[in-house]
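So the sequence lines, in the order shown, correspond to chains A and B.
Residues 1 to 113, numbered by our numbering, are exactly what the first sequence covers, in order.
Residues 1 to 110, numbered by our numbering, are exactly what the second sequence covers, in order.
Careful: at least some of the hints might be erroneous.
Straight-line Cα separation of at most 16 Å, EDC-like style, residue types lysine to aspartate or glutamate; simulated pairs [what the hints assert, rightly or not]:
(1) 97(B) with 100(A)
(2) 97(B) with 58(A)
(3) 65(A) with 87(A)
Honestly, the hints are just simulated from the structure, not real lab data.
None of these values were measured; they are calculated from a predicted model.
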Amino acid sequence: SAVISQKPSRDICQRGTSLTIQCQVDSQVTMMFWYRQQPGQSLTLIATANQGSEATYESGFVIDKFPISRPNLTFSTLTVSNMSPEDSSIYLCSGGHTKDEQFFGPGTRLTVL
Amino acid sequence: SQQGEEDPQALSIQEGENATMNCSYKTSINNLQWYRQNSGRGLVHLILIRSNEREKHSGRLRVTLDTSKKSSSLLITASRAADTASYFCATAGANSKLTFGKGITLSVRP
């Protein structure tokens, strides 16, 4: 298994600002992903974080809005840029040693005013 | 687009009863997974069933998979108040990416 932590756990931000969320895994994982969960909704995959290269984004998500870094096999960051109230969500990272099983972080609850 | 669709959307049962949740999906899969989420927190992985498996058990959990009907069910036996949570099914294709359903809200009354 893998234990995943995220920082911050929650934040309240002003419109137009940016927030960087950190995801730390206690062991090296092959794959890391970032998800968004809007209020009362399911999880939507934002992107696959690739170690040492640009992230792979899903339809509807772009690098300018959600830049992602993954400098090594245990760490990744997601930045939510130029935030608006519509970005208020829980953001979760996940990671796994195999392609079958992913372990999720506790999430970052973001509120944009 | 959503791959998994769970039903019912909400389920309320008495402690000690069994809870059955269903998930349907549209395209072929490598495996199907069930997760639990407590009150807006992170997801906890419950169980994974591969496309060549039909049934799997883990403690009080039993999951079935019918690939011909593209459906799965999660049974929680002898439910407890602590089982109150949202439950999501997620399908994994060849690219390992998970696609989540909308979730089922389970309330277990003490």
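Against the structure, the hints:
no. : hint              : verdict
1   : 97(B) with 100(A) : holds (9 Å)
2   : 97(B) with 58(A)  : holds (10 Å)
3   : 65(A) with 87(A)  : holds (10 Å)
Going down the numbered hints, you'll see the structure goes against none, and every one checks out.
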